[in-house]
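> From first to last, the protein sequence lines are chains A and B. Using our numbering, read the first sequence as starting at 1 and increasing by one per residue. Using our numbering, read the second sequence as starting at 1001 and increasing by one per residue.
Honestly, the hints are just simulated from the structure, not real lab data. Just so you know, these numbers come straight off a predicted model, no measurement behind them. Beta carbons are placed, not taken as given, at the ideal position from N, Cα and C, and that holds for glycine. Keep in mind that a hint or two might mislead.
[Said to hold, decoys possible] In the DSS-like style, the derived pairs of lysine-lysine whose C-alpha atoms are separated by at most 27 Å in a straight line are:
| hint | chain 1 | residue 1 | chain 2 | residue 2 |
| --- | --- | --- | --- | --- |
| 1 | A | Lys109 | B | Lys1254 |
| 2 | B | Lys1288 | A | Lys109 |
| 3 | A | Lys109 | B | Lys1019 |
| 4 | A | Lys136 | B | Lys1288 |
| 5 | B | Lys1019 | B | Lys1032 |
| 6 | B | Lys1259 | A | Lys13 |
| 7 | B | Lys1044 | A | Lys103 |
| 8 | A | Lys102 | B | Lys1044 |
| 9 | B | Lys1032 | A | Lys103 |
| 10 | B | Lys1157 | A | Lys283 |
| 11 | B | Lys1157 | A | Lys200 |
| 12 | A | Lys13 | A | Lys102 |
| 13 | A | Lys136 | A | Lys200 |
| 14 | B | Lys1254 | B | Lys1157 |
| 15 | B | Lys1254 | A | Lys13 |
| 16 | B | Lys1075 | A | Lys136 |
[Stated by the list, open to error] So these bits of chain A aren't anywhere near chain B, every CB distance computed over 10 Å:
| hint | residue |
| --- | --- |
| 17 | Phe71 |
| 18 | Glu255 |
| 19 | Asp260 |
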Amino acid sequence: MKRKLEISELIFKILSHVFLIVFAICCLYPFLYAISAAISGREAVEYGQLVLFPKDLQFEAFGNMFNNNMFWNSYTNTLFITFYGTLWSMGTSILGAYALSKKRLLFRKTFNFFLVFTMWFSAGLVPQYLNYLNTKEVFNAVGITDDKWLVVIAMGMAAMNIILLRNAFEGVPGEIEEAAIVDGATEFQVLTRVYIPMSKSTIATVALFFAISRWNGYFWARQMISNLNEHPLQVFIRLKLEEFQDPDIMSAWNEAYAADSVIYALIVCSIIPVLIIYPFIQKYFAKGVNMGGVKE
Amino acid sequence: MKMKADDYLVYDAGTGTYKEDAEQLVRDDVEKHYWLNVARTIAKDWRLYLMLLPMILVFLFWRYFPMYELLGCFKVDDSTLDVADQLYAGFTYFKQLFSGGTSLSTTFWAAFRNTFLLSFYGLCFGFPMPIIVALFFNEIRSNIMRSFLQVATYLPKFMSTVVMTSLVTMLVRQASPLAGMEMGVISRFLVQLGIISQETGAAGLLNNPGFFRAIYQISGIWEGAGYDSIVFFAAIIAISPTSYEAAQIDGAGKMAQMKYVVLPSILSTIVIMLINRIGSLLNVGYEKVLLLYNTNTYVTADVVSTFAQRYGITDGLVGIASAAEMLNNVVGMLLVIAANTIARKASDVSLY
């Protein structure tokens, strides 16, 4: 039996459809515009003739990007930082979270507080900056001159992610662990054979959080990496944007495509890999948000 | 360790003599060998503690050592003095920040005010949006349609701050007549809708201090409203259909169902998110401000972190910058603790 729609219900339904469709269009529009502007002709972009669809197609702006060694360099650097950074953060977090999830750990409360306190109170930019400078000196002294390693090792730890992992590990039934120990598993084997397989989805989500924050990292990379060739993609995009804000460069621009198109092309290039993996990671993201409500 | 004789000697009424208290001796022994026992436990279980070590070291080196550096706000930047005298600077920097009239303190208080205002507006406009979006998503019955809308609205969240701010910068860019360039496309829309004048648009919205807060909030909603709605939407679809049916039988219309079924069910989620938000009220994302502001908009855009970044990192006035951040972060921490305590008292929901 179909219930008749009430008027108020109908209005609310229509309102929600209209609102969400408009909102979705607003969300997508800047990206669509960026793509169009990256492949449109100079006049169309500069004289503001572009609304949504590209005009006077050209692909030289992309060509400009692809011929730039700095671009590929920065891409490689970002991949480097994302890969090793995620590996390092995940490694330390999983080991630490596993130890914290054990009731028999001495001073467990103290260690937990040690983590949680960093969520309440952060030292701030300048002290962190000074501290990273000291770290850089130490790294250089022991022969690590590539500042990317500083970014990988010293940055990007998050207490929140460790707590998510700890909660997942606490949810693993103790009997399975006991069975593994009876079978002669060492502590490390218990972790790799029991705990990690049993909290796969949380681990995937947390790894994703780490990877995204590494991929997006900008400020500290720019402050700490002195060699221009070692900069990640985000810094490269920003430097290009700042360069093209300069009126002198703008008025001396005499290519067949607009200077803006280069920036848009760069933005599109940096988004594409995210868009490609986005459908696969979306469900983990949704899961991760819901884990955010923390207990204890 | 207790050393009173009463603890060791117990009067035995039967024989009329005093006896040594065996339990107290054991307690004493445990206490005496406390650290030895700790060391023994750790040695026996060393693998577990070894696993903990890297994480502890990372946090110690790069989270707690900076806190020690933060004490620089009490020190003088004069290396000829010895450590004790350096510490004696005491509240000099704080006094400089507080003393009215100087350009330094004016800038600082403007930054402090902006920090609070940016978060507060975020709380007023940015916070309700995901809830509204989630309520609306619940109304869309077609799965394909809903998935499409969700994918579209989550998307901006996946852009980095740099890409997001670059897009914003380009879309509201100034016109440069010299190079024959028009203003950004969003500015053109706004001009056509009559919201801003031609001149304002041509001068660039990001160069206008009057627009910074609006741009900050709107780009924040654009970026986060869809994605942040996930958690509320999950709470809404967890509501059992029988609740709605019961309400309908009782004659509740759509609005009454909203009020008596949906809102109470997602209230605890809202409270958690609200605590989170209030707790980080003085913790404005400095990266976004840093990437969007410029010398023209310092009046409305400068926050404490960017103030510290300019004075401390660019100009090297570490003491002043640390004092500013100390003030900001201590107030921020008190806010987190207060919000959490209130929430725990009020609704059994708490974050930590």
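> Would the hint linking lysine 1019 of chain B and lysine 1032 of chain B be met if the CA-CA limit is 27 Å?
Status holds; Cα separation ~22 Å.
> Going straight from one Cα to the other, do lysine 13 of chain A and lysine 102 of chain A come out at no more than 27 Å?
Violated, because 49 Å separates the two Cα atoms, which is more than 27 Å.
> Against chain B, does phenylalanine 71 of chain A hold up as non-interface, every C-beta pair farther apart than 10 Å?
Holds: least Cβ distance 15 Å, greater than 10 Å.
> Would aspartate 260 of chain A pass as off the interface with chain B, using Cβ distances and a cut of 10 Å?
6 Å, violated
> With a cut-off of 27 Å on the C-alpha distance, tell me whether lysine 1254 of chain B and lysine 1157 of chain B pass.
31 Å, violated
> Given the proposed pairing of lysine 1254 of chain B with lysine 13 of chain A, does the C-alpha separation stay at or below 27 Å?
10 Å, holds
> Given the hinted pair lysine 102 of chain A and lysine 1044 of chain B, is their Cα-Cα distance within 27 Å?
15 Å, holds
> Hinted pair, alpha-carbon criterion (27 Å max): lysine 1044 of chain B, lysine 103 of chain A. Please report holds or violated.
16 Å, holds
> Would you check the hint for lysine 1288 of chain B and lysine 109 of chain A, treating anything up to 27 Å between C-alpha atoms as holding?
35 Å, violated
> Going straight from one Cα to the other, do lysine 1157 of chain B and lysine 200 of chain A come out at no more than 27 Å?
Holds. Lysine 1157 of chain B to lysine 200 of chain A sits at ~24 Å (cutoff 27 Å).
> Given the proposed pairing of lysine 1259 of chain B with lysine 13 of chain A, does the C-alpha separation stay at or below 27 Å?
16 Å, holds
> For a C-alpha distance cap of 27 Å, please report whether lysine 1032 of chain B and lysine 103 of chain A respect it.
OK: lysine 1032 of chain B and lysine 103 of chain A at ~24 Å, within 27 Å.
In this structure, the hints that do not hold are numbers 1, 2, 3, 12, 13, 14, 19, in rising order.
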